[in-house]
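K.L.:
So the chains spell out like this:
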Amino acid sequence: MELLIITAVPFLLAVMLALPAVRSWLDKSTQTLLSSLVMAALFVWLLTLSPRLQAAPTFIQSFDWVPSLGISLSFYLDGLSLLFALIITGIGALIFFYTGYYFEDGAENNRFMIWLSSFAGAMLAVVLSGNLLMMFIAWELTSITSFMLIGFKGEKDSAAREGAFKALFVTGAGALALIIGIVMLGVATGQILYPDAGITLVADIDSILKAKSLAQHDWYTLFAVLIMLGGFTKSAQFPFHFWLPGAMSAPTPASAYLHSATMVKAGIYLFARLSPVLYQNELWTSTLLTVGLLTMLIGAYFAVKQNDLKGLLAYSTVSKLGAIVAMIGLPDQNGLKAAFVGIIAHALYKSALFLVAGTIDHATGTRAIDRLGGLRQRMPAMFFVTVISALSMAGTPFLLGFVAKEVLLEAMLRYTASWTQLVMLVTVFSTAFTAMAAYMLIYDIFLGKPRHKIHFHQPPSLISLSPLLLSILSLCLGFLLEALILPLLRLAVPKAFKLYLFAGFNDIFLLSLAVLATGFILFLLRKPLIARITFPVSCDLVYREILAYIRWAGATVLHTQSGFVRYYLAIILGAVAAVLIASGTLSTVTAGQRLLPTDISVTITDLAKIFMLFLTVAAGVLTVVVREHVKAAIAYGVIGYAIGVIFLIDHAPDVALVQLLVETMATVLIIIMLGRIRAGIRLKMISGLWTGRHDYNLGILRDLGISIVIGLAVFVFALIALQNRPGRDSIAQWHLENTKVVNTEDVVGAIVADFRGTDTLLEIAVFTTAALGVLTLLARGRQTGGAFVPQSVQPTALHEFDEDVVDEIQDATSLSTPFTRSISYIVLPIAILIGIAQILYGGLGPGDGFTAGVTIGLAVSLWYIVFGYYEAKRQLPWFRPELIVRLGLVIAITNAVFPILIGKGFMGHVQFDKALGVYDLVGSFGLHITSSLIFEIAIAITVMGGLGIIIEAIAYPTARLNGRQENADTGQDGESEKA
Amino acid sequence: MIEFMFALAIGILFGIGVFQLLRRDLIKAAIGFAILFSAINLFFVAAGAFEGDFAPYVSNVEAGRQTSDPLVQALILTAIVVSFGSFSLVLGFVNIISRRYDTIDSNDITKLKH
Chain U
68 MELLIITAVP
78 FLLAVMLALP
88 AVRSWLDKST
98 QTLLSSLVMA
108 ALFVWLLTLS
118 PRLQAAPTFI
128 QSFDWVPSLG
138 ISLSFYLDGL
148 SLLFALIITG
158 IGALIFFYTG
168 YYFEDGAENN
178 RFMIWLSSFA
188 GAMLAVVLSG
198 NLLMMFIAWE
208 LTSITSFMLI
218 GFKGEKDSAA
228 REGAFKALFV
238 TGAGALALII
248 GIVMLGVATG
258 QILYPDAGIT
268 LVADIDSILK
278 AKSLAQHDWY
288 TLFAVLIMLG
298 GFTKSAQFPF
308 HFWLPGAMSA
318 PTPASAYLHS
328 ATMVKAGIYL
338 FARLSPVLYQ
348 NELWTSTLLT
358 VGLLTMLIGA
368 YFAVKQNDLK
378 GLLAYSTVSK
388 LGAIVAMIGL
398 PDQNGLKAAF
408 VGIIAHALYK
418 SALFLVAGTI
428 DHATGTRAID
438 RLGGLRQRMP
448 AMFFVTVISA
458 LSMAGTPFLL
468 GFVAKEVLLE
478 AMLRYTASWT
488 QLVMLVTVFS
498 TAFTAMAAYM
508 LIYDIFLGKP
518 RHKIHFHQPP
528 SLISLSPLLL
538 SILSLCLGFL
548 LEALILPLLR
558 LAVPKAFKLY
568 LFAGFNDIFL
578 LSLAVLATGF
588 ILFLLRKPLI
598 ARITFPVSCD
608 LVYREILAYI
618 RWAGATVLHT
628 QSGFVRYYLA
638 IILGAVAAVL
648 IASGTLSTVT
658 AGQRLLPTDI
668 SVTITDLAKI
678 FMLFLTVAAG
688 VLTVVVREHV
698 KAAIAYGVIG
708 YAIGVIFLID
718 HAPDVALVQL
728 LVETMATVLI
738 IIMLGRIRAG
748 IRLKMISGLW
758 TGRHDYNLGI
768 LRDLGISIVI
778 GLAVFVFALI
788 ALQNRPGRDS
798 IAQWHLENTK
808 VVNTEDVVGA
818 IVADFRGTDT
828 LLEIAVFTTA
838 ALGVLTLLAR
848 GRQTGGAFVP
858 QSVQPTALHE
868 FDEDVVDEIQ
878 DATSLSTPFT
888 RSISYIVLPI
898 AILIGIAQIL
908 YGGLGPGDGF
918 TAGVTIGLAV
928 SLWYIVFGYY
938 EAKRQLPWFR
948 PELIVRLGLV
958 IAITNAVFPI
968 LIGKGFMGHV
978 QFDKALGVYD
988 LVGSFGLHIT
998 SSLIFEIAIA
1008 ITVMGGLGII
1018 IEAIAYPTAR
1028 LNGRQENADT
1038 GQDGESEKA
Chain C
2 MIEFMFALAI
12 GILFGIGVFQ
22 LLRRDLIKAA
32 IGFAILFSAI
42 NLFFVAAGAF
52 EGDFAPYVSN
62 VEAGRQTSDP
72 LVQALILTAI
82 VVSFGSFSLV
92 LGFVNIISRR
102 YDTIDSNDIT
112 KLKH
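These protein sequence lines are chains U and C, in that order. Following the working numbering, the numbering of the first sequence begins with 68 at its first residue and continues without gaps. Following the working numbering, the numbering of the second sequence begins with 2 at its first residue and continues without gaps.
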């Protein structure tokens, strides 16, 4: 449990910091102090776990995550993970504290802390994961949080955006390689299986580490290379190192934490983690060694050329990362000790130096080395920190960095191969350049004379606390090796070893002094030297070329996109049609089926059905061939009605009723909408439809062909389905026999309101959502202060509109005659009465909540057509659709949940009349007060409200005001003048 | 015979709906969309597990009469209302497009491309 909590705490911290209450109550420094204390507590907690590791080398905790796939949330702690986790939490505590003084803006600080603590959680998850797949997820999380932190100022700073993208691009591409490598490794060790029954994904680290002879596996080359690619990109190894200097646009605390102490060491963690099973192969060791040495050399060489203070630190970080990778690559894991000492020493001095850089930036507003100088008197604390940390970086006796360099040189000297001399040369050269960079940091920034007049403002004094502590650690830890460093290292390094602060005047010590001296000479010669530093190939340039190529490819692909959705639809459907024909699916499916009717005798009802079917098809053809939209809409209405009649003949009275009502509604809706579209637009469409465009002939043939094939396929499908119906064993029979249980006569009504009530509940929710969709589409920009539409909108005089709009309005209002108005007045109360009757007695015959809702909705829409929007709104003040919908849904959900309380389960059937003792009383009126009845009422209310929303949204008058405005916000109402 | 006729009508209606969707006129495309729904609803009722000569009421069942399949009917009952909801959404789209682009010709609506 402990490891789970330790990993989760930083995430919870991030969530807590994001809470509005925390943001407003706790000020900047309280937030950072709190976060810092949390990280410090985690550090202490991790330390208390270390005695357990002395008893047993590993400590595993596992929780079920996706048991069906065999994935568990498992945590794995050994010396290696403990070392990394301590760095993450320890350095984290200091950097979190520093952050509170780095940012001046509280909101910025809060946003930064949220991302930084999320990163800390992700990084802890990387090193504590007991499962490579889980580690991979955390690995990606660190890339994402790193992206957010590098691009922290991305809103204003394009370099930040570019740097963030570059880092994400490189590490993300590497992660793709890594995941393939992990899966292959998992398969090779039998940890990831694909049995027929299901997939098992257990990339358990513990089991992988116990795997034998992995180095001889057939796939070794593949997975080793892929895993190395993942690690190289993450740890900024050559030739992927270029993203790290680019990442320096992050706020400095992020650079200190992510891009020097922790995240860039994730790749190193991965190598060290998998080394025990992978190192027994030449490929692993020589690649790590070569790449590491190259990176070390290039990083050190370029560091001194940087003028940006953070750039210098970034390149020297690259160099140190290379050295550590090379150490891990030494044969027989001989370099592990040197690698781990290097990690600790580097984390301490480099994050201190980054914090110094951040403080200088904060105080002077610049990081350019050639502008800085002589800061010793103004920033004595920073000077102290820099001297200690830079000397530790150079490897000066007797700081912690010295120990790190001693063990590095020792490991290299012990390495015997044909190219030992070259390796030694590279190491000495790189460490000498690192020493030179360290001297430059001290001299060029703090000593000497100020080269430019810079505006200096004193940062808060507490900003120095974290770097001071870090440098004191660099200073003291060398003397406390035995007490503090050794116990930790003994857990992490499998072999027995010794570690001394001063091993005597041996060859290593002399070499070390020589390196320092060479570094000093290089420092003295720095001016002419730096000018000569060049490198023939820039990796950054290659990256830019790749990006340009991707952009070019994207642009090329975009040329194939017409942007017309109907062409896409034609291509999709055409492809389906082509596949149906070409693959022979159509002919295979039809094989053995009798497609043509053998028996052509028909009954008289069949004849009626065939007549109605003929009517639907004829009306369907009409919708295509007639020019005017109104006629097409009416033809569409004919289809709906004919289908309704077919339902009636087919003994489906409930469906027929709903169908007739809804089709009426739909036709009305089309016609209202036609009135809202300017006649000119429609006329242009109509006149251009059958003539005009040059693609017309070909296009129509293409569409016709596609439609015919699709129609044919549907015909075949429908025919086969209709000829192979299941008959009376279907579940429908069960419904027929059990409907009497719920006191209903109408089986369909019982299924809708009872047996499949949950389905219906969701359907009315969907209907409401669709209605809200219409509202948001059409009502955008119309809302004022929460009210739907102001009641007191002043109608705009008709002469303010374009002439054709006036025609349009008068067109739409021509229905308002005394006769139609009287009809509307009469119809609404009747519709409401019919609705109530349908709900109450729906159980006895056709009609239910749906029909009741649509009936009332139709009567209301008649008002909107006859009187126009404002008049209808004014005369029907009770008709507030958005409230009605809410009421309906609340009733429906309450009614669905209530039965749970009395132990009947969700949507259980409750007989209220029996419970209240009025069963016989209401029964004498033919009523049954049950949960179904209440549900029907809720359905009716919801559907009515939904329809109301749609009608209001579509009937809302919007015309172009002299072509200027898209939405006539002031409103217009020709109708009200007439009415 | 009647199955054949049903299937034929469903196929033709579906084809008409697809054709309308593929054409340029957005209002007719909306109507075509609704015709697709009609074809599917028609198919559902026709595809009931069994046919009967009476409406599915308990009294008919108790009298031992052959009723039609109530399940498909219940399924389409809600489907009709929901398809109306999505149809009105389509109409809303056509409406807003006609206002924003001042056209209902889908070939003239090119502003989304870039």
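Hints listed in this document are in silico derivations from the structure and should not be mistaken for laboratory results. Nothing here was measured: the structure is a model prediction, and the numbers come from that model. Any given hint could be a false lead.
Under 8 Å between C-beta atoms, here's a sample of chain U residues computed to sit facing chain C [what the hints assert, rightly or not]:
{"id": "1", "residue": "ILE436"}
{"id": "2", "residue": "ILE706"}
{"id": "3", "residue": "GLN790"}
Label-pair distances were calculated between CB atoms; the ranges are [said to hold, decoys possible]:
{"id": "4", "chain 1": "U", "residue 1": "VAL669", "chain 2": "C", "residue 2": "GLN67", "range": "55 to 61 Å"}
{"id": "5", "chain 1": "U", "residue 1": "LEU829", "chain 2": "C", "residue 2": "GLN67", "range": "19 to 25 Å"}
{"id": "6", "chain 1": "C", "residue 1": "SER60", "chain 2": "U", "residue 2": "SER668", "range": "19 to 25 Å"}
{"id": "7", "chain 1": "C", "residue 1": "GLN67", "chain 2": "U", "residue 2": "GLN790", "range": "17 to 23 Å"}
{"id": "8", "chain 1": "C", "residue 1": "PHE55", "chain 2": "U", "residue 2": "VAL669", "range": "16 to 22 Å"}
{"id": "9", "chain 1": "U", "residue 1": "ILE969", "chain 2": "C", "residue 2": "SER60", "range": "38 to 44 Å"}
{"id": "10", "chain 1": "U", "residue 1": "VAL964", "chain 2": "C", "residue 2": "GLN67", "range": "34 to 40 Å"}
{"id": "11", "chain 1": "C", "residue 1": "SER60", "chain 2": "U", "residue 2": "ILE960", "range": "31 to 37 Å"}
{"id": "12", "chain 1": "C", "residue 1": "GLN67", "chain 2": "U", "residue 2": "PRO944", "range": "27 to 33 Å"}
{"id": "13", "chain 1": "U", "residue 1": "PHE681", "chain 2": "C", "residue 2": "PHE55", "range": "35 to 41 Å"}
{"id": "14", "chain 1": "U", "residue 1": "LEU750", "chain 2": "C", "residue 2": "GLN67", "range": "52 to 58 Å"}
{"id": "15", "chain 1": "U", "residue 1": "LEU983", "chain 2": "C", "residue 2": "SER60", "range": "32 to 38 Å"}
We put the beta carbon where it would ideally sit given N, CA and C, even for glycine.
K.L.:
Give a verdict on every hint.
P.N.:
Status of each hint after checking the structure:
1. For ILE436 of chain U, the interface hint is violated, the least distance from its beta-carbon to any beta-carbon of chain C being 45 Å, above 8 Å.
2. Evaluation of the ILE706 of chain U hint against chain C yields a held restraint, the C-beta minimum of about 6 Å falling below 8 Å.
3. With a cut of 8 Å, the hint placing GLN790 of chain U at the interface with chain C holds, because the nearest CB-to-CB distance is about 6 Å.
4. Distance hint check for VAL669 of chain U and GLN67 of chain C: the Cβ-Cβ separation is about 19 Å, which falls outside the suggested range of 55 to 61 Å.
5. Evaluation of the 19 to 25 Å hint for LEU829 of chain U and GLN67 of chain C yields a failure: the beta carbon distance comes to about 32 Å.
6. A C-beta distance of roughly 31 Å is found between SER60 of chain C and SER668 of chain U, which places it outside the suggested range of 19 to 25 Å.
7. Taking the beta carbon of each, GLN67 of chain C and GLN790 of chain U are about 20 Å apart, inside 17 to 23 Å as hinted.
8. Between PHE55 of chain C and VAL669 of chain U the CB atoms are about 20 Å apart, so this pair conforms to the stated range of 16 to 22 Å.
9. About 31 Å separates the C-beta atoms of ILE969 of chain U and SER60 of chain C, a value inconsistent with the hinted range of 38 to 44 Å.
10. One distance hint, 34 to 40 Å for the beta-carbon pair VAL964 of chain U and GLN67 of chain C, holds here, with the actual separation near 39 Å.
11. For SER60 of chain C and ILE960 of chain U, the Cβ-Cβ distance of about 33 Å falls inside the hinted range of 31 to 37 Å, so the restraint holds.
12. GLN67 of chain C and PRO944 of chain U have their C-beta atoms about 51 Å apart, which leaves the hinted 27 to 33 Å range violated.
13. The hinted range of 35 to 41 Å is not satisfied by PHE681 of chain U and PHE55 of chain C, whose Cβ atoms lie roughly 26 Å apart.
14. Taking 52 to 58 Å as the suggested C-beta distance range, the pair LEU750 of chain U and GLN67 of chain C conforms, at roughly 54 Å.
15. Between LEU983 of chain U and SER60 of chain C the beta carbon distance is about 27 Å. The supplied range of 32 to 38 Å is therefore violated.
Of the hints listed earlier, those the structure fails to meet are numbers 1, 4, 5, 6, 9, 12, 13, 15, in rising order.
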